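J.: For reference, the chains in residue letters:
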Amino acid sequence: MKKSNMLAAFGLALLGATSVQAQDNLEVWHYYAAGSELAGMNALIDAANTSVDDANFTGVVIPGNVVELRRQLQTAFLGGRPPAAYQSSMAYELKTFADGGQLHPLTDAWAAIDGDAIFPEGVQRVVKVDGVPYGIPFDLSLINNVFYNKEAFQKAGVAVPTDWDSFTAACDALRDAGYQPLGNAGGTFWSLYNFYAALVSVVGEDGYYQIARGELGFDSPEFAEALDLYRDRMVSCYAQNWSGKTWTQTADDLINGNTGMFMMGIWAAGYMDTAGFKAGEGFDMFQAPGTVGKSIFQMDVLAVPEGPSVAAADEFIKAITTTDGQAAFATLKGSLAPNINVDPAVYGYAGATFSRQFSEASANNAVLPNLFFLLPTDLGTEFGVQIERFAIDPSDTVKAELISTLEGLRQEALAESAFIAW
Amino acid sequence: MNLSPHRLSRTDWTHIAFLALPTLLFVTFYVYPVISSIHLSLHDWNGFAPKMRFVGLQNYQVLIGQPRFLHAALNNIIWVAFMLIVPTGLGLLLAAILDRGIRGEQVFRIIFFLPFTIPAVAVGAIWRWMYEPDNGLITTVLKLLGLGSFAQNWLGDPNVVNLSLMGSVAWWTTGFAFLVFFAGLRNIPTECIEAARIEGATPWQVFWKVSFPLLWPSTIIVLGMSAIDAMRLFDVVWAMTKGGPAYSSEVLAVQMYDLAFGRFDMGRAAAVAVYLFIIAGVIIMPYIIYMSRRVQDSEAD
Numbered sequence: 001m002k003k004s005n006m007l008a009a010f011g012l013a014l015l016g017a018t019s020v021q022a023q024d025n026l027e028v029w030h031y032y033a034a035g036s037e038l039a040g041m042n043a044l045i046d047a048a049n050t051s052v053d054d055a056n057f058t059g060v061v062i063p064g065n066v067v068e069l070r071r072q073l074q075t076a077f078l079g080g081r082p083p084a085a086y087q088s089s090m091a092y093e094l095k096t097f098a099d100g101g102q103l104h105p106l107t108d109a110w111a112a113i114d115g116d117a118i119f120p121e122g123v124q125r126v127v128k129v130d131g132v133p134y135g136i137p138f139d140l141s142l143i144n145n146v147f148y149n150k151e152a153f154q155k156a157g158v159a160v161p162t163d164w165d166s167f168t169a170a171c172d173a174l175r176d177a178g179y180q181p182l183g184n185a186g187g188t189f190w191s192l193y194n195f196y197a198a199l200v201s202v203v204g205e206d207g208y209y210q211i212a213r214g215e216l217g218f219d220s221p222e223f224a225e226a227l228d229l230y231r232d233r234m235v236s237c238y239a240q241n242w243s244g245k246t247w248t249q250t251a252d253d254l255i256n257g258n259t260g261m262f263m264m265g266i267w268a269a270g271y272m273d274t275a276g277f278k279a280g281e282g283f284d285m286f287q288a289p290g291t292v293g294k295s296i297f298q299m300d301v302l303a304v305p306e307g308p309s310v311a312a313a314d315e316f317i318k319a320i321t322t323t324d325g326q327a328a329f330a331t332l333k334g335s336l337a338p339n340i341n342v343d344p345a346v347y348g349y350a351g352a353t354f355s356r357q358f359s360e361a362s363a364n365n366a367v368l369p370n371l372f373f374l375l376p377t378d379l380g381t382e383f384g385v386q387i388e389r390f391a392i393d394p395s396d397t398v399k400a401e402l403i404s405t406l407e408g409l410r411q412e413a414l415a416e417s418a419f420i421a422w
Numbered sequence: 001m002n003l004s005p006h007r008l009s010r011t012d013w014t015h016i017a018f019l020a021l022p023t024l025l026f027v028t029f030y031v032y033p034v035i036s037s038i039h040l041s042l043h044d045w046n047g048f049a050p051k052m053r054f055v056g057l058q059n060y061q062v063l064i065g066q067p068r069f070l071h072a073a074l075n076n077i078i079w080v081a082f083m084l085i086v087p088t089g090l091g092l093l094l095a096a097i098l099d100r101g102i103r104g105e106q107v108f109r110i111i112f113f114l115p116f117t118i119p120a121v122a123v124g125a126i127w128r129w130m131y132e133p134d135n136g137l138i139t140t141v142l143k144l145l146g147l148g149s150f151a152q153n154w155l156g157d158p159n160v161v162n163l164s165l166m167g168s169v170a171w172w173t174t175g176f177a178f179l180v181f182f183a184g185l186r187n188i189p190t191e192c193i194e195a196a197r198i199e200g201a202t203p204w205q206v207f208w209k210v211s212f213p214l215l216w217p218s219t220i221i222v223l224g225m226s227a228i229d230a231m232r233l234f235d236v237v238w239a240m241t242k243g244g245p246a247y248s249s250e251v252l253a254v255q256m257y258d259l260a261f262g263r264f265d266m267g268r269a270a271a272v273a274v275y276l277f278i279i280a281g282v283i284i285m286p287y288i289i290y291m292s293r294r295v296q297d298s299e300a301d
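Top to bottom, those sequences are chains A and B.
Residue 323 in full-length UniProt numbering sits at position 323 of the first sequence, and the numbers go up by one each step.
Residue 129 in full-length UniProt numbering sits at position 129 of the second sequence, and the numbers go up by one each step.
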């Protein structure tokens, strides 16, 4: 055989081997690139590889966040080579992909794991589109807790707030004692998560879902009242220069004793714990005013694209929804396992507190998914941008523009029948 | 080249063969995406649905009426002005200083150029840390110098954030302008400089009357690249602010990305891309034509 022919044959063989390897290697795409998040994801995938015979699931990190993952997914869908499974946001994100015909309905896997029994009702409603499950919960975080520096509270003589009046009193006392009362961070999400406390205080759980369904307008008196409450009780408490900080920088401020309180998702507890600032010792937490007894949560799920790997992906899902699989992720990442059968004893002090809060809220049917992901994507994103703008400049002018912008988008969404009755 | 099919020589065929690949690449990776983007901009599509809905010019009409879009376009124009003046001017200044043969020239060359070798995302991460408003390096140094009152909420104040971003981009890109200008200065024939000195020209006159006019080719490269960089600016802004707070630092490329992948609005994102293409053409093409003529004139002289 000529040398060139030999080289060609070798190249073809190599190409074939690569192709076979790519099919055997079942990729799970996610954007947990470092630290406790990556450790949790690796543990989840390891759990699946251990319990599924002949499985070879591999985690592939897509650097960035959900936006970068969407970009990568679109390319993969266009190219016809999507991953076996991928990390997705809940609710409207799943609907968009499901409506596009890209997602594999997880009806069989859901039945096999008895999803209706192991996940709380509030969780179930944001992974199903028209009653069909398209996502499997694995990473649940509460976003209505306020973390506080215990030493700062002690020095300022502050008791743990239980309502808006005691919260305002705490802010005043902390400021008088030389602390920045309440930390916040720049970005689309964080001010919005803070605002939910004021919103729920005014409109309650029913009103919250009415907004999600497009039934309660942004120009309603209730929404305006919620904005006023947020401005008067929270924005007035915010630390100086909060909008120029990332959430980790603000968490550092709490750790260093510059800031007294910080309302953030429970992943902040994991961050502070990793930094040596221990829950129950250095910091503690309470549910934000207006949300006591309720749980507002953010959740990531695993979705399965249509394709040749759906059978293997179903097995993957069965493995990661076991109590061991769910606990493996949650304990390392510092989140809550959505599976209610996970023993609360697997958590530390902070996790046990969050678990107790979530159980109580579930029992009271007071579990509220993150409104950002219940709304049509454009409206949800604009909601976050406008609330941050209002938090930076809480003037009546900005308030009026916020209401006008969001109500305009709500009307557009209504005209397009884009709202979902979650 | 004789293009009559009956009279093509072997040399003609060779030329055609050499031209075929670059032409194919140009059509595939430039012409087709441009046409495809224009086509997409006339539709409503979320990027995943099987079908696109034709909406005509609606995406363009909606954008032109949005303060958000106009603000981003204005930001782009401000960035063009900044990129043409600040990194370019600083690069020229540094090159002129170093061209005087100061001690440690090689070390300074590396120091000046080094930031340009850092990836944009890393630049964003570094400056995100430097701009921490209370404990970041910039604020800390200002406080140490007794200038704490000048410290700002660098990335969180809508009135300051663009200036902060420009500071980091100036640090990042000045090295490129410096390198091109420095190479240009070193290529100027020494006899021109010597002749001017013998005629009694001051160093200032030598630079402005002799060196700078002979730097036109370098200037064209630097200004052209700077203008293009300003129009396609994305990575540093995305890495540091994602266009925030509340769109205040948003440029068109960031808005395009947010609309496409943050909001599943591919059609409108494509319309932003087309607008960006047109604005860039309107701003940059006259400059390129003008500068090209200057080069030809300069070479003719």
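Heads up, a few of these hints could be off.
Claimed, not checked - Capping the alpha-carbon separation at 30 Å, the derived lysine-lysine pairs in BS3-like fashion look like this:
| id | chain 1 | residue 1 | chain 2 | residue 2 |
| --- | --- | --- | --- | --- |
| 1 | B | Lys242 | A | Lys399 |
| 2 | A | Lys278 | A | Lys150 |
| 3 | A | Lys155 | B | Lys143 |
| 4 | B | Lys242 | B | Lys143 |
| 5 | A | Lys278 | A | Lys155 |
Honestly, the hints are just simulated from the structure, not real lab data.
Bear in mind the structure is a predicted one, so any value in this text is a computation, not a measurement.
J.: All the hints need checking, so say for each whether the structure fits it.
T.: Here is what the structure says about each hint:
1. Between Lys242 of chain B and Lys399 of chain A, the direct Cα distance comes to roughly 23 Å. Compliance with the 30 Å bound is thereby established for this hinted pair.
2. Between Lys278 of chain A and Lys150 of chain A the alpha-carbon distance is near 11 Å, which keeps this suggested pair within the 30 Å criterion.
3. Restraint check for Lys155 of chain A and Lys143 of chain B: satisfied, since their Cα atoms lie roughly 27 Å apart, inside the 30 Å limit.
4. As the CA atoms of Lys242 of chain B and Lys143 of chain B are separated by approximately 28 Å, the hinted pair is consistent with the 30 Å bound.
5. The straight-line distance between the Cα atoms of Lys278 of chain A and Lys155 of chain A is roughly 18 Å, inside the 30 Å bound, and the hint therefore holds.
Against the hints set out earlier in the document, no violation occurs for any number.
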